[in-house]
Every structure is written in C-alpha cells, then in structure tokens.
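Chains as they are written, first to last, in this note's numbering: chain A, 19 to 666; chain B, 249 to 822.
Among the clues, some could well be false.
[As the list claims (entries may be wrong)] With beta-carbon atoms standing in for the labels, derived distance ranges:
id: 1; chain 1: A; residue 1: ALA547; chain 2: B; residue 2: GLY640; range: 50 to 56 Å
id: 2; chain 1: A; residue 1: SER435; chain 2: B; residue 2: ASN330; range: 50 to 56 Å
id: 3; chain 1: B; residue 1: GLU369; chain 2: A; residue 2: ILE664; range: 39 to 45 Å
Everything labelled a hint here was simulated from the structure, so no lab data went into it. Built from N, CA and C at the ideal position, the CB exists for glycine as well.
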Amino acid sequence: MNNTFKFALSDLRDVALLNKAHSSLPEFEKLLSQLRYDAVAKPVFFVGSGTCGRIAGSAATLMAIRQYTTEKNIDAEIIEVGCIGLCRSEPLLDIQLPGKRRISFGNVTAEKVEPLLDDVLNNTIPLGMALGQYSHSHQEAWNGIRLLNDLPFFRMQNRVVLKNCGIINPFSIESYIANGGYKSLTKVLLRYSPDAVCGIISESGLRGRGGGGYPTGEKWKAALNTQGEERFLICNGDESDPGAFMDRSLFEGDPHKIIEGVAISAYAIQAGKAYIYVRAEYSLAVERLKIAINQAQEAGLLGHNILNSGYSLTIGIREGAGAFVCGEETALIASIEGKRGMPRPKPPFPSQRGLFGLPTVVNNVETLANIPSIIENGPAWFAATGTEKSKGTKVFALAGKINMVGLVEVSMGTSLSDVIYKIAGGVRNGKAIKAVQLGGPSGSCLPEESLDVKIDYESLTEAGTIMGSGGLVVLDEDTCMVDMAKFFTDFLQRESCGKCIPCREGTKRMHEILENITRRPPDESGHEALERFKGVMQLNNLAEVIKDTSLCGLGQTAPNPLLSAMKHFRDEFEEHIFERKCRAGVCKDLRVYYIDTDKCIGCTACAKKCPTTAIIGSARNPHFIVEDKCIGCGICYDVCKFVAVIVK
Amino acid sequence: MNFTIEVNGKIIQARKGETILESLAKSGITVPTLCHMPGLYPTGSCRMCVVEVEGKPNLITACSFPVEDGLKIRTHSPRVVNARKTNVELLLGNHPDDCLYCERNGNCELQTFAAELGVRERRFRGSKSKAKTDPSGAALVREPSKCILCGRCVRTCDEVVGAMTLGFIGRGNKTIVGPSFNKQINLSSCINCGQCIMACPTGALHEKRHSPDLLTALHNPEEHVVLQLSPTVQISMAENFGLKTGKDSIGVLVSASRRAGFDKVFDTSFAADLYITELAAELEQRIRSNINLPLFSSDCPAWVKFAEQKYPEILPQLSSCKSPQQMTGSLIRSFYAPGFVVKSSQIFSVSAMPCTAKKFESQREQMTQKGITEVDTVMTTRELSQFIKLNGIGENLNENDLPDAPFHLRSSASRLLSVSGGLSEALIRTLHYRLTGTEIKQLKISELRQTKEIREVRLAMGEYNIGFAVADSMKAAGKLVGEVLKGRSDLHFIEVMACQGGCINGGGQPISDDQQVVRQRIKTIYEMDEKEPIKVAHKNPAVIAIYREFLGEPLGKKAIELLHTTYTKRDVAY
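One chain only, chain A, in its complex shape (with noise of 0.2 Å):
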C-alpha cells in the first residue's frame, strides 16, 4: 500500500502531482483514506510511545502486543505513535479493527495486554477499560462506549497545534501527508511571496508562543528587511521549565508539523539554514526529528530547490547541553555558534544581529507549529478564535497536584479554572487548590481567587503573572509557599549563567534568605535572630533590583515566583518569619511536635529514642515534648503507635 504512495512522494517534484495529493482526486482520495487509517484491512494497534508513554511501561506493552500476535498468528499492524495528551492514562493503546472505530484502551500494561486483545479481537469491551472511541464517519460504532472528544478532557479543548499527535505515526511522512501536511508549504512555495507570507501571519495575529508574545509576523518582517548575506531561522526547542513538556510532545508526536512549520517560517524570512535546538534530554524528540528531516530532504521538502520553487533550505539539529538560560534567544545563539550559552544586551535584535552575526529569527516550537494551519486556513480563520489582542490557541503542561496530568490545548480566553476544574477534573484526593504557578521559574502564581482569569497575554499580566510557554503547575493545601519560592530560587541560581552580577549573586542571597526563615538552627542567638530579620528587610529591595538591573529575562523574572508568593501569600511568610511555623508541614525544622495526653499512655517508647532527651514524663504517665529542646527530627512521631505525638 505504502509503496503505490513512495511512487507518487518521489515524484513530488513535478509540482503537479503533489497539488494532486491534495486535491480530491479519486485514485488519490483513495491511497490517502488508506494512509488515515480512516478504514483498515487488517487489526491495526496504535500504542503510545512519547516518553510519558515510555515511563509508563509502553516498550513493555509493545512488547506484549508483537509477542501476542505472533503466538497467536494475528496479521495485525502495530504503530507507535505520540501522545495523546493523556499521560496520566499512559500506556495507551489504541485498537482498530477492520470495519470498526478506533478505539482507546488506558493505563494498558504489558500483563492486561493478552486479556485485552482476547476480549477486543472477540468484539468485546472489557468493562471500564475503554477511554473512548474514534469518530470515523463510515466505521460501525462501538456499543456502549462513549465518543473520546466527549471526554471531559477533550470536550473543552480546541486542538489545533496538537491535532495529529497521538493520532498518527511519527514516524511516516506519508501519514502527515495524508492528514494534510506539507499542504501549506506547498501553497506558500508556489503561490505566495516571502513579504506575503509575512503579511499573513501578522493579519492572523499569532504572537510568540515561548513566554514573550512579540507578534511572530512583525520579528519576521523585521529579519526579512534586514540586509544579510544569509538569514537563519532557529526553531527554540530547549524547554527546560520543570514541569513543562509541550514541545517534547509535539516532536515526539507530529515532527512533521514542526519541520513544515520551520520550512515555512525559513522562506518567509529567506533563510537557507534553519537550525532545530533541542534539548539533548529529549534523546527520542531528536531521534524522531532526524528521521522526519531525511523524508522530507528524500521527498524533495527540504534541500536544494524545493518543489522546483528556487528556494532552497537545510534543517540541522542541535542539541543543547542541558542549561536553561539557552531557551533565552541570545544564549541560544551563542550555544549554537559553539559558545557559551550566555546572554548578551539587546539591541541588537537578533532578527538584526544573531547567528554569526547575520539576521536570525528565533522562534518557539508551538509557534513554528501554528504556521501551517494558518496558511492552510488562512489569517482569517485563525483570527477567529481567541480574544482581541491574543488569537488562536494555546498549548498548556498540566503538572502538579491536578487530577489529570497531561497535555491540553484550549481556546485564548478559556478561563484557568474551566483548564484546571473541567478539562483536567480539579485536584487530586479533593484536596483544596491553593496557587497555580504559571510560566515555570520565571512566571508567578495566581491564588485560588484568580484562577477566573482569561487565558490571553495581557489578562494574564494583569493578574500579575505570565503566560510563559505553558507550564501550569497545580499547588494544593499541602504546598509551603515559601518553600515553594525557595525551590524556584534555588533552581534560577543553579541555572543562572553566571554573566550579570544581579542574578549571579542576588538570587543567590535571595535563596539565602528563604533558607534562614525556613530553617531553625539548634541554638540562635539573639544576634543570628537579628540577621535573619535584616535578610527579610532587604528581600524586597533585593527582588525589585535583580527584576531591575539583570541582563536577560532569566534574571530579570527571577524574582517572580517569590514576589507572588509574598504578594498572595504574606501571611504564609510571616508565619514563617514570626510564627516559626509552616503552616504546610513542608519545612522540617519549623515542624512543631507535641503529646496529646488524652492519647499517650505512657509507654516511653518516645522518650527513650528522644536524641535531645526533649521529652519527659514519667512511665505509665502521659508524656510531654520541651519545645525548646526539640529539634524536629521526628523520631517521636514515628515510633508512637498511639497516635499521640502530633504535628502541628
């Protein structure tokens, strides 16, 4: 089947033929209904294997799956594809049977695997075990099993960027091809000039997607407009924020779209090199993203002369050595040119002064993602969606103490809370939520109170935080704030390149601080009190000039998570501070243990493990913990089997 289609792709070049691919042509309507596995000749088993899939046990469950058939002599095609979104119900596995919808099976482990075909290659659904089915139009429904798209997970989501991830195999050209892909590049290699395809995406109104916002068409414009001998285009792929993975997602999923994305941005701003900067942890986005390149270079997308258009790019992958001041553009530029991935002032832009010196644009991977739908549909349609000053959608990293971990994308101005409450089920053990920090380490948390805000750049800021590129962690009740702002500190000073003076050692002295108001020493004197106290006095001060004077936006957002925090949460600090209290019980050494003498009997099981003989009474009497003796390490609590000794 595959091979009638190798024939027409090889022969992409007459320009023709690929208009024919897309046009609705019959024989061609045909092969590429084939490709979309819209109907099967055969059982065709889809099986999650992003990384989320891979953690989960999926190369266990492939494994099964191959071992099953061919025990069982089942001629059936396995496919590993990305993910879904769903990774809290990773592994999947999604079944198709000829004549049948697809269907979605979770949290399908190697040993669940053989009663599962049994059941489902016998026309039978295990109870509970279904997520949801497919909606192909001409395919016999499964009895009984509700639509996936209605799924309180995907009801509310507009996937626009993430449409084929999950859905069809990464690892086929002809597959994106099917579904639509390289449409777009061919439209704008044939139809459209470099100045259009600028125009286009500044009319759709798409903004950068990594954090910033800066309309994507105008840092187009700008490059373009600036003399060079060459231009380069860089797709920024080093997403390092903790708990953020969306652009892992998309190249494990559908790296096609990227490189289309990248083929597309590269001709608008004229660029015969365009570089892919991913992060070297995401060892299998690269190894997919290697194997896209070469399809397309063999398909004639990418190399010399594409489509015959006289335009002419190469894609090179870089990976980055793991340093998160290299998603800061200029950073990322000198990592790629072989330097030290530090920052340097702007001006210059890079779209005037970047790669080796020569006009570059850098842009965010869901941003590169957005470009071919937006050529596809056009700058109108994209417009449509989303709010005034922030169109389209918007990719967002559910991490955190939420129901469902996972991938969304909705709709600009979606409310947070419909994203936390309907999309991803509220949070986890019907615990209550106590912040949402957006943005990673250089974004801010919102309280509980806020989350009605509108998802779109300037709601966002006016609340106080970011968009960022996606990272959306949930805290619950059980969350220190100030640890909380300790850990992003810690993180921002790890990863701080060392350049500027502000971040290099203001965030170190911030972290300091936060340290000493969430630590108990064994014996303060009154002078070490009163240095603690000054340290909070210039916490402040400190913040606002780090924000002030760094040198890149690492530094200058550093302070974000604990200027938040203290803003929504100045009770929790000075508790901490006045108190020596977390109310949380995350700090250890704040911890404050004490006897319930209802409970306690008297079997001096705790005073005698007491390190600080801090406990005292007599046996057979309820016993009791001198505080200023105590040092927190817990032993007491553990070794109760009375439930007496209590955390406070």
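Dock chain B against chain A, hints included.
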C-alpha cells in the same frame, strides 16, 4: 545624523550609531563602568552603567544601548544609584573581604566603587566563594575567590591577545574564570603575557612574586646581587621619582637601585643591541641561503610559548637567539663573573622587566648554565617600583648614575625594542649594513609605526627585496602563520609581540587605564632615537668590544653557545 537627548533635565547632543555611554562621555557625564572595554563589543555583564530611560520598564545599560532621538535619561536617580549600590554590595557579599592582604589594595576598582557608593555595612552575608587559589603558574597567580566575573580578562585573552586560555566555568554563583576544564595554569595554554592582570579590576589575577628573599640577599655580603634594567622599565618609572611622565629615568633608577643595595646595575639595552646584531646575522644567513624563512622574532617569551604549543611546525623558523634578558643573564655568568673575579654561583642575578612572561622564560630549562639559572629572579616594573619604595627611596632622590660596565653602553636602536615594530626598525638598520655594507639612509620606517594589528613593509637591500611584518597579539600572529603555512613567501622577517603596542604595554607595567601616559612614553623613545648619536646596534662600542674580546663574531661558536637556545613542542590543555 545628529540629534539631541535629554540627560538629567539637560539637553545634550548625540549622534546616531553611538551608545548612550559614548554620548554621555562627550558631554562630560560620567557613568561608572566595570565590564566596559573601549573598542570591544559591549557585553553588558556588570550592570554598573545602568541608567533610567523614560518609557523603559527596566533600567538599561548605557554601554550597549544605542541612542535614539529624544531619549530622556536619568543617570543618577535614586533608583539607579540604589541599583548600582546593591549590585556592588552583592559583589562584596561574595568577596573575601581581605583588602589589607590583597595585591591590589589601594588600586582596586571594587574598592573604589564601594567607596564612591558609600557602602558602609555588610548587608548581604552568606556563603562565600570557596574557589581555590591556583599558584601553579610560573608567572601568574589566579585567585578566583576575588574574581567579580566582569569578564575583562576573558575578553582580553580571547579577543585582544588571542591566546584563548581563559573562559567561564560553572554556573550560578559558583561560576569562575579559569583555563579550559579548570586545569592548573601551568598545564594550560596560558602564555603568561599578563594582559589579563592589566585587565583585572581586582586582585583575582596578579603576577607571581619572585622576590621574597631579595632583601635578605642584598644584605648578605656572601651574595653578589646584580640587577639588569630593561629599556622599557627605564622609561616607565619616572613617576616614582617625581619626574615628568614619560621621561627616561635610567640615571635616577640606577642610583636608586644602588642605594637599595644592588652590587651592580646593568642596562639590558646593551643586550638588546647584541640581540639585534645576532638576529641580523641569523637573518642574513637565512636570506643568503634561502632556508627557514620567514624568520620569526624570539624576544617575546609569550610568543615563543605560543609557537611551541600551537605551531610546533614553525619552530625551525623561530630565531634561535635568546631574548636580551637571557643574553644579559648568560653573559653575567660567563663573561662578567670571571672578568670581575666573582664566582658565578655567588651571583644572584635579578632582572626588572615590563613583562610577566619573562618570569616564565627565566625558568625554562634551556636557560641555565651548569644547572644554574641564568637569571634568578624577574621583577615586573610594578614589583621594582614597590621594592624601591620599600627601601625608603622616593621622590626626593636627585642623583643620576650610569649603569655598570661591561653592560652599560647602548645605541638608540636598542630602546626601540620597547615598542612593537621597533625591533624590526632596529633590525633593518643592522641588516642593511650586513647585506649592503652601507648604512641605511631612511632610519624611520613609518609603516611600522602605525597601530594596526598587522603591519608590513618591503625594503630593497642590495640585490634583495626584503619583506618585514609586525604582528601585535597572538591573533595577528596566528593569521600570519596561517598565511605562511599556506605558502606565502614574500615575507622574510616577522616580529611578534604578545601585547598590543609592544613591551611598553606589557603585563608587568604599572596598572593604569591611561593610554595617554603610554603614548608619552612612546614619544620619548622615538625622540631619543632622533637625538642620540649612536643609532644602530652594530656601532655600539660595548658590543664591538665584547665580540672582539670574548664572543668572536656573530653566530660564532661562542655566540651560539651562550646567546642562542632551542625550542621544543609543548603539550598543553586546550
């Protein structure tokens, strides 16, 4: 295009293409800078030059931001000054706080900032850098705990000198500056030029002091302590004696050295003449036999090390002449000692140089006689200056003495070696005489006196048309070596200096930002060349005498044994 900007409420003129800092400087408004290096691309790392610009949410760095028409700037608003002060306090928070024990006490930019901004309290306490001092280098000591990471040394090493030794290592506040892989400096590609010391605002980089037991030696009657004064040192110490900047101070310097207790004081300029003579003979021989050309100069020990580690293939082309310092050292032990009835082993041979690499050179194993180093201790100009002060000799000294025989006479050509291109000029005079038998008419070669990184000139000498090139910095030298290796053959002599401008800008010179002072010194050197009667090395009577009495002829057996050396390929960590 000219336009105006508003600074602190006053209108000033600015020109398109300038940075804010440049516009401010023209109008006499000073904004403090730390990482800024005139002539190099701004890095914006220190944030000291931040100013408030209306309409910008954050403070911006004046050093990197291009002026725009109608900008409204405030350079010393409370917000700006607070930011600068906080940043300096942050630096001090991670600084050893040991000013009284520091090499740069009293001459430290961080101290100046702290004083100017009125830092009077240790506001930020916490952990301090635990980076260890690296004392392994022959010439340089690195104290990373004192480093404030302005990056000037890194940029000097990469962009100015081109040795590419220093770089940033690590992240966060554990970032340090060091050679590749944080290797010890003696294993690194460091060429000891000392330009990083000149760039360093604090005491994080300084020369290795070689003179701790000098004072004892001077007061020990058993030891015969001799000092040689480099021609560059002679021109660079006028200020010590209250003389006009740039004045040649050999007389008073000799007198001061004698007072300090040196038994003999020699002039290295004598050996410079000897060096020129030997070098001219060597070049003549190579030109006549057309082998191993072009000849590379060997008086800059930083360049010699660079060649040994980076371009071992050109070592046969490197002149085998020892540098003037080592020629003097060699002759002190072999000629002066027997002639003046002193045991070579009793002689403590000290030299004062504008250079840190000379410290390294004096320790090369090739630079010994019967296991004794030819030169025992090398002092930089800075160290000599401090030593003279230590001996209570200062501005009121009003004596002029002559250096001691037999190394006391010099030509004015020898003094040109202080300036880059000067060696070539001096060499041309003697080479012309050797090739044609007549003195050259046009002494001044203005092509070689420019400030370009690479300067070339072609001169006809008898039947030959000889190409000379001067390379300032390793970067420039690398370029020329590359061309030569690719087959360029029109050059016969290449003079290489590690420090831009030559020894006068050497890494051992007084640390001053002021290029005006350096220019004054250069001017004096050229003036001396104009005025003095003996302008060529081969007419120096002392040189003629030593060949007659002791050495025989240039490149003769004795000369080769005492005045020439060998080189070996060097493995270093890159």
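Query raised in the report: Would you say the C-beta atoms of GLU369(B) and ILE664(A) sit inside 39 to 45 Å of each other?
Result: At roughly 43 Å between Cβ atoms, ILE664(A) and GLU369(B) fall inside 39 to 45 Å, so the hint holds.
Query - Supplied distance hint 50 to 56 Å, evaluated on CB atoms of SER435(A) and ASN330(B) - result: Distance hint for SER435(A), ASN330(B) is violated at roughly 39 Å.
Query raised in the report: In this structure, is the beta-carbon distance linking ALA547(A) and GLY640(B) contained in 50 to 56 Å?
Result: holds, 51 Å
Hint compliance for this structure: hint 2 is the single one not met.
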